[in-house]
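Chemist: Model the full assembly from the supplied sequences, consistent with the hints where possible.
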Amino acid sequence: MKVPLLDLAAQYASIKPEIDAALDRVVASQRFVLGPVVKACEEVVADYVGSAHGIGVSSGTDALLVALMAEDIGPGDEVITTPFSFFATAGAISRVGATPVFVDIDPATFNIDPALIKDRITARTRAILPVHLFGQMAEMAPIMEIARRHGLAVIEDAAQAIGAHHDGYTAGSVGHYGCFSFYPTKNLSGYGDGGMVVTNDPARAEKLRALRVHGETTPYHHRIVGGNFRLDALQAAVIHAKLPHLDRWTEARIANAGLYRSLLGDTATARAESAAALALPRVVTERHVFNQFVVRVADRDRVQARLTAAGIGTAIYYPVPLHWQECFAELGYRAGDLPNAERAASEVLALPIFPELTAGQIRHVAQNMVGMVSYG
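If you count by our numbering, then the sequence shown holds residues 56 to 431, one letter each, in order.
Just so you know, the hints here were simulated from the structure itself, not pulled from any lab data. All values derive from a computational prediction rather than experimental measurement. Worth double-checking, as some hints may not be accurate.
[To be verified] Simulated crosslink set (BS3-like; lysine-lysine; CA at most 30 Å straight-line):
1) LYS94 x LYS71
2) LYS71 x LYS241
3) LYS241 x LYS57
4) LYS94 x LYS241
5) LYS57 x LYS71
Modeler: Below, the structure is given as structure tokens:
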């Protein structure tokens, strides 16, 4: 049995008439950049995540970048973030000329540990950029309190967590900015690159809208320097058409995670000492949306190779923590500085979790896992 890590064709087949009709309407209108289709998408996504304003942009990376630009963060400034995330999280900070300051993660959730943030704040700190990794929210209440106390902006990287919630809040709606990605692997995805920034602040929303079109406020008049960060109408049409299905897909991901847990055993809190011990994702929030189902395996590379040989798709998110990336060598981090992130990078393995996954496929993955690892 072949089990891919992701099957986008299956999702498309299930909603093909809706998607095709949405794309046909954009082509017939010949309005491909911004316009009413993008505006409608912005409104429904912002409403879904519980924010007042949505600003469609060209990618999740550009969502982070334009949020940093909106805060006028640049050379000499520092932004506190996690070392365990997709590169764009820290790359966007560097691109505006600021310095990423890495704080270690909570090993249970892979998210930034709020208890460690206060010790890294300096006179140069301008913002905190937490990531809701793999579909589970970071602990936002203490992060917001730290930010309030020190006058810092909070930019949520919610690229993997649309629809996640905790403590009465949804991912992306808590901070001053929430940044989403609609890359094809995301729970709510387009057919290419796309992203969105949400905010509850009308002044920030106005600035974001200007920044995404080179800082233009009226045609050919530029009060500030921005960039070309526009969401195109074809992507917006796909996103809008998919949104009504998102909760159903999310519930399927949650059910798939539950089946994995029942088949493999919950080892999140009682991990075996075997070299090949397996630990399952720990859910500590109200709604983990499982963009990825990431297990820990001490003998990860051997296990991945054997799963690949068995026809099972897997991925490593992420094999190199950000503070070890070559481009950040000048920051001076050494091995052992952020031990939880470093250990996670050596152990994590993502198993298939997409909504169209069948129970038979999940059992096949679980049987192969049981056959090669010890678990408690």
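Chemist: Can you list which hints this structure breaks, lowest number first?
Modeler: Result: no hint breaks.
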